[in-house]
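A.B. asks: Single-letter residue listing:
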Amino acid sequence: MTVSPESYVALSAVLFFIGVVGVIARRNPLIMLMSIELLFNAANLALVAYARAWVNNTGHIFAFLVITVAAAEAAIGLAIVAMTFRSSAHVDVDEVSALRG
Amino acid sequence: MIVFWILALVLIASAVFTVTAQKPVYSVVGLLANFIALAAMYLTLQAEFLAVIQIVVYSGAILILFVFVIALLSSGTRPFEVGPDKAPRILIPALAIAVLTLAGLTVTALRTPVTVVSTATTNGTTGDANAFGSVANFGAALFTTNLLPFEVTAFILMVAVIGVVLIAGDPTPGAVERKKKRRPGVREPIVKDTLVR
Numbered sequence: 001m002t003v004s005p006e007s008y009v010a011l012s013a014v015l016f017f018i019g020v021v022g023v024i025a026r027r028n029p030l031i032m033l034m035s036i037e038l039l040f041n042a043a044n045l046a047l048v049a050y051a052r053a054w055v056n057n058t059g060h061i062f063a064f065l066v067i068t069v070a071a072a073e074a075a076i077g078l079a080i081v082a083m084t085f086r087s088s089a090h091v092d093v094d095e096v097s098a099l100r101g
Numbered sequence: 001m002i003v004f005w006i007l008a009l010v011l012i013a014s015a016v017f018t019v020t021a022q023k024p025v026y027s028v029v030g031l032l033a034n035f036i037a038l039a040a041m042y043l044t045l046q047a048e049f050l051a052v053i054q055i056v057v058y059s060g061a062i063l064i065l066f067v068f069v070i071a072l073l074s075s076g077t078r079p080f081e082v083g084p085d086k087a088p089r090i091l092i093p094a095l096a097i098a099v100l101t102l103a104g105l106t107v108t109a110l111r112t113p114v115t116v117v118s119t120a121t122t123n124g125t126t127g128d129a130n131a132f133g134s135v136a137n138f139g140a141a142l143f144t145t146n147l148l149p150f151e152v153t154a155f156i157l158m159v160a161v162i163g164v165v166l167i168a169g170d171p172t173p174g175a176v177e178r179k180k181k182r183r184p185g186v187r188e189p190i191v192k193d194t195l196v197r
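The listed protein sequences derive, respectively, from chains A and B.
Anchor point for the first sequence: position 38 equals 38 in our numbering, and the numbering is continuous, going up by one each time.
Anchor point for the second sequence: position 180 equals 180 in our numbering, and the numbering is continuous, going up by one each time.
Don't take every hint at face value.
Claimed, not checked - Partner residues aside, some chain B positions facing chain A, computed with beta carbon under 7 Å:
#1 LEU32
#2 ILE36
#3 ALA47
#4 SER59
#5 VAL69
#6 LEU72
#7 ILE92
#8 LEU100
#9 THR101
#10 VAL107
#11 THR108
#12 ALA131
#13 PHE132
#14 LEU157
#15 MET158
Calculated from the structure, these hints are not laboratory results.
Heads up, the beta-carbon is just placed ideally off N, CA and C, and yes, glycines get one too.
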């Protein structure tokens, strides 16, 4: 018994929804970064589901590239977080105003 | 079928736990469960190489990076504090934006025609040498048709490494000596709202 690709894409949309709420509603930068990882994963699930539906592994390649970009993003994001909050007792994105415009 | 629903339940529950957890460490645990369930789901979609990559890169590298940064940030005299979350104040706009995103995704997905190709054309089942999604199949596509994107990936990773060194490193001369002279266990004075070197 196979599951239709629509089910996988619907699940992917729900995961994306949860991730968007996490990015917007949390103030802890680490949890925001983790929510961004959730967004990447939701997109990957849709890519892999469509790749299976059409039996075309270009979707797999794309998901692979997304994983690479996610790794680069996590490294740079965590470096910024570690630098910004190294000398403060609070970890709160609302208190960062060094780049106030 | 039943596998899909169990995995979907685990995925959604762990994602909600990740977003709502009070401490980042709990979030990491939720994210780990999410990644492993997603790897299992890739297996049900015949993407075995991606399932392995998911475990190795996400659970092995990225999550460890998160754990290290959490440990670094709380390595002072007291664990770092997080103020009250924006959740009550901003929950309604956040939900509105998220629901809009969900609606857009659903409409796009439903308007995409999908003709499911049967498993018979995938050249064997998961685990066979040349089946769809196997290492051989994936590698052949990666190193022939998609060679240029693969090379661009190497460039992106190099830029990321240089960026991290530039952001987190101390470029002024004598930085290493100063760091050695500093007494261990003493935190630097708290300077608020600045990116101090």
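A.B. asks: For every hint, state whether the structure bears it out.
C.D. replies: So, going through the hints one by one against the coordinates:
no., hint, verdict
1, LEU32, "10 Å, violated"
2, ILE36, "11 Å, violated"
3, ALA47, "5 Å, holds"
4, SER59, "11 Å, violated"
5, VAL69, "5 Å, holds"
6, LEU72, "6 Å, holds"
7, ILE92, "10 Å, violated"
8, LEU100, "9 Å, violated"
9, THR101, "5 Å, holds"
10, VAL107, "10 Å, violated"
11, THR108, "9 Å, violated"
12, ALA131, "10 Å, violated"
13, PHE132, "6 Å, holds"
14, LEU157, "6 Å, holds"
15, MET158, "9 Å, violated"
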